[in-house]
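Q: Letter by letter, the chains look like this.
There are 2 protein chains.
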Amino acid sequence: MKKYGEMTREELACEKKAVLSEYGKIKAAGLSLDMSRGKPSMDQLGLTESLLHILNKGSDCRTEDGIDCRNYGQLFGLKEARELFSSLLGIPAENIILGGNSSLNMMYDTVARAMLYGVPGSDKPWCRLDRVKFLCPSPGYDRHFNICESLGIEMIPVDMTPTGPDMDTVEKLVSEDESIKGIWCVPKYSNPQGITYSDETVRRFARLSCKAKDFRIFWDNAYAVHDLDENGDVLLNIFELMRGTENEDMLYYFFSTSKISFPGSGVALLALSDRNLEATKKIIEAQTIGPDKINQLRHVRYFTNAEGIIDHMRLHGMVLKPKFDIVISTLRSELGPAGIAEWTEPKGGYFISLDVADGTAAETYRLAAEAGVRMTRAGATFPYGKDPRDRNLRLAPSYPTKEELSEAIHVICVCAKLSYLNKVTTD
Amino acid sequence: MKKYGEMTREELACEKKAVLSEYGKIKAAGLSLDMSRGKPSMDQLGLTESLLHILNKGSDCRTEDGIDCRNYGQLFGLKEARELFSSLLGIPAENIILGGNSSLNMMYDTVARAMLYGVPGSDKPWCRLDRVKFLCPSPGYDRHFNICESLGIEMIPVDMTPTGPDMDTVEKLVSEDESIKGIWCVPKYSNPQGITYSDETVRRFARLSCKAKDFRIFWDNAYAVHDLDENGDVLLNIFELMRGTENEDMLYYFFSTSKISFPGSGVALLALSDRNLEATKKIIEAQTIGPDKINQLRHVRYFTNAEGIIDHMRLHGMVLKPKFDIVISTLRSELGPAGIAEWTEPKGGYFISLDVADGTAAETYRLAAEAGVRMTRAGATFPYGKDPRDRNLRLAPSYPTKEELSEAIHVICVCAKLSYLNKVTTD
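From first to last, the protein sequence lines stand for chains A and B.
Under our numbering, the letters of the first sequence match residues 1 to 427, in that order.
Under our numbering, the letters of the second sequence match residues 1001 to 1427, in that order.
Next up, chain A with everything else stripped away, as it sits in the complex:
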């Protein structure tokens, strides 16, 4: 089969007829498939069933230090839970704050605190500045961008490369502009590409030289242990790299068990330097008496140790890998020959990034939605929801069944082709 770009006008017209006919059939089938968000499937949720009742009676709720998790207290979370994540992530337990079920909440709160109080190194609260800007490697995670938009923080897109954000640009911008106060990073299996930052990228982050004395890296390591199989990517431990250096206060590190145990009832984590921790403590002492410790203890009892989590993640990988394979093989067989799209082939995480032909992502999204397949809204992976080339789509293979997924990706491929063909035949 010829690539679309090499087809004659007649060949394109003929192909369009065939694709339109296929699209008609799909629409007639009346599908209803949702692959808009990175939600674990029923099979995955079932993997941690006994977490629900592992604490069975009151006496189960005591920690090794005799703390009754049912009662008030423990502002930073349970000691043994902090130690569990310490050994999993290679971060000292005393630099870890555990929260409720949402790391997004911890990220929002961390930015909101900076707005209201500033951070160590700030002259004043960020809300007192005329402008606050964040660098946003793009395509990126829409909810990170939403936080900025909500708090009136100006977003500057930075290109993503196969080794992470374009570090030449990052270094240049942060060294010149004092109003740039932060950058969003999903360093392992980035959302949506599934890119893992190279060692060199992580090292360049660790030694970043910034004009702003209160610049912060928001390091959302959401997929730290979320490999599809034993050939997963390896990410350098930035916390260890920065610890004890003059840059150590520059890092806010986030993690959660949302995609390890339950999204609706996991444990979220914020790791930070001693100085950041001390400043944060003063504020969250006014905010809460402590997080849900019973749920933290459930996690400790269920997983026991870091190995327990790693073992458990193999089970998630076994559910997810065949789904990623379906997406990749369908994209290869259906979009590959047409030569109108590129996509990533990640070794973990929750997403695949699909770049269709320039100017056709929104239309592909619309056509798919009309045919009953819901994707993440086109544009959502860019600041302000604006994809400058209108080409990026985020595919989230986890939630649908394999059968649904095959069907959904086929629909998306047909819609991507049709959008292209509509565009070139009317141009």
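For the record, the hints were derived by calculation from the structure and aren't laboratory data.
A couple of the hints might just be wrong.
As the list claims (entries may be wrong) - Okay, derived cross-link-like pairs now, DSBU-like style, lysine-lysine, Cα gap no bigger than 30 Å in a straight line: (1) B:Lys1027 with B:Lys1017; (2) A:Lys282 with B:Lys1281; (3) B:Lys1281 with A:Lys281; (4) B:Lys1057 with A:Lys321; (5) B:Lys1057 with A:Lys281; (6) A:Lys282 with B:Lys1172; (7) A:Lys386 with B:Lys1282; (8) B:Lys1423 with B:Lys1025.
As the list claims (entries may be wrong) - Derived list of chain A stretches under chain B, where covered just means 3 residues or more per stretch with a C-beta under 8 Å from a C-beta of chain B: (9) 96 to 102; (10) 116 to 130; (11) 167 to 178; (12) 203 to 212.
We put the CB at the ideal spot given by N, CA and C, even for glycine.
Chain A is fixed; fit chain B onto it per the hints.
A: Structure of chain B alone, referenced to chain A:
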């Protein structure tokens, strides 16, 4: 026995000798008793044991609408949980937002949101104003005051009366000063007095006329169903009173199950008008995907309905009532005859407010601590930790056993006497 105030110099010296001797004995006993916070006791925590494992398997986690609580979603919390609290509190379910385990967190966040964004009626975010002031009925809840202090909100103490805050003063101040943006209220079994606002007080709040267009009442109904027995106080439903009036946006209403189920793992609630809810929704959409729904469902399954909660609270009352009785009877028998103190005798809640002689609260606190009895820090019940008359102490009878409590209150009575005697004999 003569009142201290009527004693001669010689009688006082004699009494001081006796009290000093008793204090010496107490110190020698080497006690270690903590009645500093309103923590439920082990007996109370045991009342909801089966809440821990009431959701036993994955299929238990589905709501009546088929929502899987283990997964993402439901920004405002579970429908059936909102309905449960709706029928308990007499507030429409659609005006209820459920959060995690901490209503303090919801209060802090509500004030922080007002600082960052303003509220409906604001010209600008409160953090852009030169001054923001809150009225603080005092003595009051230290953690409310901490929120203000943390966020740089100026606190204006308002006297508490047996029917609630001094409403003449409240009405006067809010009608004159545009920078007064809020007031903290614990309307039922106030912390620390255990006072319940009279119908007239609640009605005056509901029709408050404020200079600031964005004034808010922070109505922390923490002890809404926390009666010691069937003779509990009755509080007017302010949400119902204000609903549909021009003042309806003035109310933020808080509640939690911290002292119904588990302090470390309850469900917190914020109720607000349609307009406030819409404005809040836009912001918390950026903050989180949703609260811990599994824990909310546990509460629904465990309590079933409002009656289930009311029935359950009788059991708490049966544990707490004898403890309150011990405190009251000890104060009556040990401090009553001396005539140097006043205290409240609440019908519910978690605290008893003890006013010792002017200028002796801090010393009483210090002497008790030295004798091994930890109370809430003297002054903590006032803004900035400063009790102008240095006389108020908050007694929290819930956590110690009855035996410990008898001992602790005796110690406090001895220390209150000794502080008085030290003062008058050196003056």
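Q: Which hints from the list above does the structure break, by number from lowest to highest?
A: 5, 6, 11, 12
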